[in-house]
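Peer 1: Listed below are the residues making up each chain.
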Amino acid sequence: MMLSELAGRIGASLRGDGSREITGCATLESARPGELSFLSNPRYQGQLRTTRAAAVVVSADYAEDTPEGCATLVAEDPYYAFRQALIALHGFRVQPEVGISPESFIHHTAVVGELCTVRPFAYLAPRSRIGDRTILYPGVYVGKKAVIGNDCVLHPGVCVYDGCVLGDRVVLHANTVVGQDGFGYATAAVGGQEPRHHKIPQVGNAVIHDDVEMGSNCSVDRATVGSTVVGEGTKFSDHVVIGHGAKIGRHNLFVAHVGIAGSTTTGDYVVMGGQVGVAGHLNIGAGVRIAASAKVMTDIPRGESWGGTPAAPLTEAKRIVLNQKRLPDMAAKLKAMEKRLKSLENRSG
Amino acid sequence: MMLSELAGRIGASLRGDGSREITGCATLESARPGELSFLSNPRYQGQLRTTRAAAVVVSADYAEDTPEGCATLVAEDPYYAFRQALIALHGFRVQPEVGISPESFIHHTAVVGELCTVRPFAYLAPRSRIGDRTILYPGVYVGKKAVIGNDCVLHPGVCVYDGCVLGDRVVLHANTVVGQDGFGYATAAVGGQEPRHHKIPQVGNAVIHDDVEMGSNCSVDRATVGSTVVGEGTKFSDHVVIGHGAKIGRHNLFVAHVGIAGSTTTGDYVVMGGQVGVAGHLNIGAGVRIAASAKVMTDIPRGESWGGTPAAPLTEAKRIVLNQKRLPDMAAKLKAMEKRLKSLENRSG
Amino acid sequence: MMLSELAGRIGASLRGDGSREITGCATLESARPGELSFLSNPRYQGQLRTTRAAAVVVSADYAEDTPEGCATLVAEDPYYAFRQALIALHGFRVQPEVGISPESFIHHTAVVGELCTVRPFAYLAPRSRIGDRTILYPGVYVGKKAVIGNDCVLHPGVCVYDGCVLGDRVVLHANTVVGQDGFGYATAAVGGQEPRHHKIPQVGNAVIHDDVEMGSNCSVDRATVGSTVVGEGTKFSDHVVIGHGAKIGRHNLFVAHVGIAGSTTTGDYVVMGGQVGVAGHLNIGAGVRIAASAKVMTDIPRGESWGGTPAAPLTEAKRIVLNQKRLPDMAAKLKAMEKRLKSLENRSG
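Chains as they are written, first to last, in the working numbering: chain A, 1 to 349; chain B, 350 to 698; chain C, 699 to 1047.
Treat the hints as calculated values from the structure; they're not laboratory data.
Just to be clear, a hint being listed does not mean it is correct.
Only pairs whose alpha carbons sit at most 25 Å apart, straight line, appear in this in silico PhoX-like list of lysine-lysine [to be verified]:
#: 1; chain 1: C; residue 1: K1023; chain 2: A; residue 2: K333
#: 2; chain 1: A; residue 1: K333; chain 2: B; residue 2: K684
#: 3; chain 1: B; residue 1: K684; chain 2: A; residue 2: K342
#: 4; chain 1: A; residue 1: K318; chain 2: C; residue 2: K1023
Residues from chain A shown here face chain B by an in silico Cβ test under 8 Å; the list is partial [said to hold, decoys possible]:
#: 5; residue: H90
#: 6; residue: F92
#: 7; residue: V94
#: 8; residue: V98
#: 9; residue: P102
#: 10; residue: F105
#: 11; residue: H108
#: 12; residue: H281
#: 13; residue: G285
The model shown is predicted, which means the values in this text are computed figures rather than measured ones.
Built from N, CA and C at the ideal position, the CB exists for glycine as well.
Construct the entire structure; sequences and hints are all you get.
Peer 2: What follows is the structure in structure tokens.
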């Protein structure tokens, strides 16, 4: 695609030779002549001067910093503009051809929408339902009475348990599980026996709203009663675990290995870094940002940024870390002061 | 079901109108007229006064706190009583019909007990064996010579490696894996080559005792020699990982993302919160409770409660957290004292 | 096998009766007469004196410490020598018979090497390719144009996404996923709508080099552009997650639940303990060792050992932990000193 055409398509203003052909996208470091790159994270600013890319998408601040011979595409939001370029030049994954494989298993009471793709070894249980244009990769399992919307993509090995509900355009990556039993047991010594953990039937379900995407190997528990909910537009990376009865808001972003315990709720636009843990029965307000690996033990008011273990407002968490580093100095100073105090006491004795 | 009948079934004493019809169970907050709820966690005490439930299961302490028109079922252990009500009103999951699907693969040397259910795309390797009434969901893999007891339920995508053993009534949720190779390598520079990690054959197995239940996406390593063991009645939430040669005791409860390194043992009735990590070759005594996200580096004597990173007895861990918060104050006080000390020294100089 | 023959095979020098028959390998604690054991971790030194093993592999330091009647095999590297004995006596897993199951699905454009094993319900997408002697267990998915080398073993439920590349002798344990979409979204309010997370096409792939082994339920993201890379000879335990665009070096060892965020690189021979987290866009030098559960927020120079949260050089991390334990004492001392200061001030008043 000609650079000038690409600039138009992604809404960027072009500085430099618009007649060159752009063949694909790459990082600043790996780009070869003919390729388009971008700068969004200032950490990579140094690479801007040495890139071999044919053109780079940048914000106005960096418009003068590209090397000679490298065209510049100035965009208000370079990351979003680069995304548009990726779509224009590469597009999204080409999905398998539409059609129902005879090597899949579709129960005769299951309902399959129009133009669906069901690959070999995918399985639709009795009275399950999938909407139009939905794609089930090999090894996908859709449980009894589960309902899956239109334009969903379930990658290989995804399992949706009985009675769970997915909205439209939901994407679940390989081996993600929705609706396994929540972790509910009543520990009791019944009839004079030793205490045992008696299973509580998990009679609720899990409901995943429109435009949710989850990475691979995620797990969303079904609720004991009612529903575990993941709100519209929310995105999980890999290995995220959501406990039973949790209500995750709209447009949340959870990085890998996040764990949310049962009955906790989050507002809209909550962001959690990797390996964050949130205890059960808490309320995390809208717009909250939690730094990677923080462990949250209390409610967090809307809009705040937290971090640390146990988690605290980010400024406090940072001060604790800073003071931890000063601890050896403080201990030494304390010791020296005691000596001076002793000496004063002796003199005044 | 009539409330009076339900009260009898769950062993609770009824206060209020026993003739009303109960249609199902719900949380205090979401219950609609006709539904039964419960109070066990005091955190939700406030919801007791505003619930629209037809009846609530409570302990004697809260017997007077239900709103007008709401009947009360007083039980010694309200959580267990509510569990009994869930079973009476909803029951456990209805499993697929008994029978062997012609679309499964059962090796001719495999042994299948009576009244088993083997769904399409489930796989039984040579000389594997499953007991009576055991259910294999689609995509389940049972390896060579693996032995699975009676009344087990293996959800979709579960994998039991060769030679592993499951007792009776074991439930494994979707995509859980039992018996993959332990993480064993001997790092050595052989024949003057650069050092490499040489794989140690993992010739042991994993043994899961009766009444164990694991959530989705769990992993239990097989032992290098001998067995990795998970004791009777133990329950895992999702994404729990057990290292090779570990011996997990009876009736343990591990919340999601717990990781136990190799050769560690736990006694009976150990409880670990989410994201707890335990180093290898340790002994965790019976009845130990470990708070969520604690990282355990040492043995823990029986009956103790630990938390923190590195983990310490809970009272010590809490004091450390408290003192961390006071650190800025301590630093300020130290500075002020030094000034006063200086002034005294000057005067006495 | 006769002990004297075994000694020769594993390159150990024999002290004691070489004519005895060795039937298998076991730990010091569980070994029965006729079995071989070993001592490598000094933690188990006490068990050396009481073992019932017929013979024990030890280093020269412990050559005199075996009980009477127990032969000794002295080796420079007892762990490696024991590994050789395990191979001699037990061998590695016996794989299923070579052959293509008629119950697998192999697209007519897929290319299968010589002497491959493809079990029932394994799936090869269009234009995928697997090398000679490679083994696909049931439920394995190989995506479009994915390329898998010679002598690989993909255990049940493994998923390799479209366009990903595996070298030779790669082993992936059950339900591990390679090449799912990286966690890339451009958050933008387009056309006056509320902000949404707009998916960035992940048009790169994941490349796994020769001799890599991963445990069960691991996840390696594909890159946005270019490749996520796992270097030759690197080994992962279970539930390891690698973010998009990360470049993992050669001969790394990552224990379970490790998470590496996007675009981070590691040098060769890096070791990370369980539950370690590494933030994105960092460089971890060759030979770095990171203690279990550490959270890494900065680059680490080659050869260093780090630990703690946030991670710091190990000596510093240990000092912080030590000082944390002394905090209550420091607080008490501070209080006492203030009293003494006050008293001095009064006197000198």
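Peer 1: Take the hints in turn and mark each one as holding or not.
Peer 2: To see whether the hints hold, each was checked on the structure:
1. C:K1023 / A:K333: holds (18 Å)
2. A:K333 / B:K684: It holds: about 10 Å lies between the C-alpha atoms, which stays within 25 Å.
3. B:K684 / A:K342: Given that 25 Å is the threshold and the Cα spacing comes to 18 Å, the pair holds.
4. A:K318 / C:K1023: With a Cα-Cα distance of about 20 Å, the restraint between K318 of chain A and K1023 of chain C holds, given a limit of 25 Å.
5. H90: Hint violated; H90 of chain A Cβ to chain B Cβ min 31 Å, cut 8 Å.
6. F92: violated (26 Å)
7. V94: violated (25 Å)
8. V98: Violated, because the Cβ-Cβ distance from V98 of chain A to chain B comes to roughly 22 Å (cut-off 8 Å).
9. P102: The hint is violated - P102 of chain A has no Cβ within 8 Å of chain B, the shortest such distance being about 11 Å.
10. F105: holds (4 Å)
11. H108: Violated, about 13 Å.
12. H281: holds (6 Å)
13. G285: Violated, because the Cβ-Cβ distance from G285 of chain A to chain B comes to roughly 18 Å (cut-off 8 Å).
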